[in-house]
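The chain contents come next:
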Amino acid sequence: MLARIPGRLLQIIPTLILIGVVVFVLLRLLPGDPASALLGNRATPESLARINAQMGFDKPIWVQFLLFLGRLAHGDLGVSVTERIPVTRVILQRLPVTLCLVGFAAVIALVLALPLAFVAALRQNRLPDLALRGLFQIGLSSPVFYIGLLLLGFLGARLHWFPVGGLGQGFWGAVYHLILPAFTLALSLAAVLMRNLRSAIIGVLRADYVDFARAKGITPWRVLTGHVLRNSLITTVALFGLNIGVLLGNSVITENVFAVPGIGGLLVDAIFGRDYPVVQGVTLVLAVLVSLVFLATDLMESWLDPRLHA
Amino acid sequence: MKSMLLRTALTLGALLTTSAAYAAPVTGGTLNFARNADSQLLDPVLNNANVDIWILTNLYSTLLLPSADGKSVIPGLATSWTPSADGKTLTLKLRPGVKFADGSPVTTDDIIWSLTRAVDPKNGIWNFLLASVASVKAEGDDTIVLSLKNPDPSLPAALATFNSAIMPHKLFEAAKGGTDAEKAQNFAEHPIGSGPFVLASWQRGSHMVLKRNPYYWKKDEAGQQLPYLDEVNLTVVPDDATRILQLKAGQIDATEFVPYERAHELQGDTNLTMDLFPSTQITYLQLNADPKLNDGTPNPLSNEKVRQALNYAISKKAVIQVVTHGLGTPMHSFMPSTTPLYADLGPAYSFDMKKAKALLTEAGFPNGFSLTAFAQAGKANDSSTLATLQQMWGQLGVKLSIQQMDLPTMDARQHKSDYQIRTAYWTNDIADPNEITSYFAYFPNIRNQFSGWQDARTDKLFLQSQVELDPAKRVAEYKELQQIYVAGAPMFFLYESPFAAATRKNVIGFRQSPLGNDMFEAAYIEK
Numbered sequence: 001m002l003a004r005i006p007g008r009l010l011q012i013i014p015t016l017i018l019i020g021v022v023v024f025v026l027l028r029l030l031p032g033d034p035a036s037a038l039l040g041n042r043a044t045p046e047s048l049a050r051i052n053a054q055m056g057f058d059k060p061i062w063v064q065f066l067l068f069l070g071r072l073a074h075g076d077l078g079v080s081v082t083e084r085i086p087v088t089r090v091i092l093q094r095l096p097v098t099l100c101l102v103g104f105a106a107v108i109a110l111v112l113a114l115p116l117a118f119v120a121a122l123r124q125n126r127l128p129d130l131a132l133r134g135l136f137q138i139g140l141s142s143p144v145f146y147i148g149l150l151l152l153g154f155l156g157a158r159l160h161w162f163p164v165g166g167l168g169q170g171f172w173g174a175v176y177h178l179i180l181p182a183f184t185l186a187l188s189l190a191a192v193l194m195r196n197l198r199s200a201i202i203g204v205l206r207a208d209y210v211d212f213a214r215a216k217g218i219t220p221w222r223v224l225t226g227h228v229l230r231n232s233l234i235t236t237v238a239l240f241g242l243n244i245g246v247l248l249g250n251s252v253i254t255e256n257v258f259a260v261p262g263i264g265g266l267l268v269d270a271i272f273g274r275d276y277p278v279v280q281g282v283t284l285v286l287a288v289l290v291s292l293v294f295l296a297t298d299l300m301e302s303w304l305d306p307r308l309h310a
Numbered sequence: 001m002k003s004m005l006l007r008t009a010l011t012l013g014a015l016l017t018t019s020a021a022y023a024a025p026v027t028g029g030t031l032n033f034a035r036n037a038d039s040q041l042l043d044p045v046l047n048n049a050n051v052d053i054w055i056l057t058n059l060y061s062t063l064l065l066p067s068a069d070g071k072s073v074i075p076g077l078a079t080s081w082t083p084s085a086d087g088k089t090l091t092l093k094l095r096p097g098v099k100f101a102d103g104s105p106v107t108t109d110d111i112i113w114s115l116t117r118a119v120d121p122k123n124g125i126w127n128f129l130l131a132s133v134a135s136v137k138a139e140g141d142d143t144i145v146l147s148l149k150n151p152d153p154s155l156p157a158a159l160a161t162f163n164s165a166i167m168p169h170k171l172f173e174a175a176k177g178g179t180d181a182e183k184a185q186n187f188a189e190h191p192i193g194s195g196p197f198v199l200a201s202w203q204r205g206s207h208m209v210l211k212r213n214p215y216y217w218k219k220d221e222a223g224q225q226l227p228y229l230d231e232v233n234l235t236v237v238p239d240d241a242t243r244i245l246q247l248k249a250g251q252i253d254a255t256e257f258v259p260y261e262r263a264h265e266l267q268g269d270t271n272l273t274m275d276l277f278p279s280t281q282i283t284y285l286q287l288n289a290d291p292k293l294n295d296g297t298p299n300p301l302s303n304e305k306v307r308q309a310l311n312y313a314i315s316k317k318a319v320i321q322v323v324t325h326g327l328g329t330p331m332h333s334f335m336p337s338t339t340p341l342y343a344d345l346g347p348a349y350s351f352d353m354k355k356a357k358a359l360l361t362e363a364g365f366p367n368g369f370s371l372t373a374f375a376q377a378g379k380a381n382d383s384s385t386l387a388t389l390q391q392m393w394g395q396l397g398v399k400l401s402i403q404q405m406d407l408p409t410m411d412a413r414q415h416k417s418d419y420q421i422r423t424a425y426w427t428n429d430i431a432d433p434n435e436i437t438s439y440f441a442y443f444p445n446i447r448n449q450f451s452g453w454q455d456a457r458t459d460k461l462f463l464q465s466q467v468e469l470d471p472a473k474r475v476a477e478y479k480e481l482q483q484i485y486v487a488g489a490p491m492f493f494l495y496e497s498p499f500a501a502a503t504r505k506n507v508i509g510f511r512q513s514p515l516g517n518d519m520f521e522a523a524y525i526e527k
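Residue numbers (my numbering), protein chains in the order written: chain A, 1 to 310; chain B, 1 to 527.
Next comes chain A alone, as it looks inside the complex (with noise of 0.2 Å):
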């Protein structure tokens, strides 16, 4: 299994070049360009002029591919055109924000949905069933920003248990400023999650194997933590693994509401700004990230269900 870790990181190569040909051309199709962004009302021909010039934008779209690809082989992203610091420096300022935020977040979400997933599968239509699955109905349904609001209004600034935005200083106080921001991430995955796993558990009660083990007298707590919840995880897994994409571009409006200086507020400035090297820089680097994280999964599903090692 894990010989083929190598094989599987090569494969990444080719889907970053694609993904960065895409949003190379997609940037440069978008009406609007670094230069006016910049100046915006007090734009002269001359001065738009210049700093496309000094910024290499002025230059054929192939020659600015070929320019970018040629530093990309050296690590260098280019450099941003607002900021006017290497792109990698201000991605690396902001990245590990967002990792702690949405790992935190991952972490929210299993915590609430596995136990939660298991009352709700053994009380199957009764309420408290229906009480978990009216309840994450509702944290799927809620805005990212209102529900991030209201815990803000109230936890925050009303009852003064959690900081109303920001990151604190150093590393506990950016954990304590990041609970209610990966909490309010978590609500949709949990919810998903918690959909999911309920209904694979209820599928595996089913199983004859599952008949079999308590046949066998094995204890009840034995046969839902060895057979139950290992083989219901195998979609939940993937489905978890599939929807880390999804809460990085959900940070987007969590970082924006909660004051966290992350990646999603860069990308989103970056792009009002057409930053071209930024959004670059930031997507090569999300998508990285995202195929890391479908490697993992895979990993774990084979791990969960031998079967997919043929």
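Please keep in mind that the hints were generated in silico from the structure rather than gathered at the bench.
Just so you know, these numbers come straight off a predicted model, no measurement behind them.
Heads up, some of the hints might be wrong.
As the list claims (entries may be wrong) - Okay, the calculated bits of chain B under chain A, using three or more residues with CB under 8 Å as the criterion:
#1 193-206
#2 229-242
#3 246-259
#4 438-452
Where a beta carbon is used, it is the ideal one built from N, C-alpha and C, also for glycine.
Add chain B to chain A, keeping to what the hints say.
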């Protein structure tokens, strides 16, 4: 009326707090201030954006400073400035003993180098403000002489503008990098100036800490050393609602860009002070007056009578009520009323549907026509302004369709004159009318906001006013120029509105200048 009362109350409140300030300014402490966006490049000459401009005056001093009302200049690093009789030289006496934040003295070499860099046409987008300067020289240790290509009445104001900030030559040269741009970028990460504060740390996208400059040259009127605060912590909080929640929770002490619809609510909060600072902020609709649009269709807005008619058919009062909740005031000129040499010629088109109808008929459009306006996507104020206009213009048979797009798209299309009407905002950067006039009324620069509207007399008046030595004549030139502009109507005039900032009740003395600069110099936190 309500807003008048409100403003009077606020002014009174401001006066009371100011007099209290002289009683007992508290020294020390940290002010936590939330901004809606982070700075980009803290270089006085090479920056492009308000997020930089509005912070720079805390880090750097200029030879002269804008007065509190933004209409004149007062001494800064220079204590006096004297133009020669022919107006071709300006002699400035320097304040003795001024130091940069690292303790090194501000020398004539620093001044000569800084101004020469700011004048260089290859550097940035602000050098036009100093275009008249031919050379900068020192006479002795305490005098700077600027030789000019032509007399320049706006030069004192230009020397009070952020791009003329005095930077430490040697420290700049010592910064890493081969070119001026590279050095600037590195120096701007840890800038050293002679302003009230110095940048202590900067985590991009998150926060920036300004520390008291212990060598700052300015004292308050009672002789107490400025600034009062030890630190200003500028955090970046993009969401309006979150900033307000933070302020209410006491997590921050002050914030800017309070949405107008929240102003009344915050006024009612006994823990907070709602500030409405007089600004140079105007909101208007830019129009394209070219005879044909980019797709070749004829453009009714090329007809002056049509532009006038549609201006008459805007109830600014209604727009002000809907969008600013009564906090705005109608525009009377293309320049904000806080601009020096602004001439109050009465309302630029007061609401008059009859006149509008008559003018439109005269222009040959008794049954109206169709127009397309660009609105910034996601900006509620843009949409509600245009929706209000849709109703008013609809009564003339003019069908206004609204097209939403993001700001860079709108900007790029305007820069190609590929638009008919767009929503737009402006704030002055200099305490002189020449900047806005060069962009809005003097055709050769950018075809008057890429509108294509041109008036030869205006162009002549502007050039004249740029070298006018007689202040009274300059006033007259600007008056005529504003009259012509309003009559020509190359924009749809809407409203001026204040900068809305809010602080905790115990924050005294924070101010935003009419140009938008956040001024922390005289701010303090009451115990």
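Check each numbered hint against the structure and report the violated ones by number, ascending. Violated hints: none; all satisfied.
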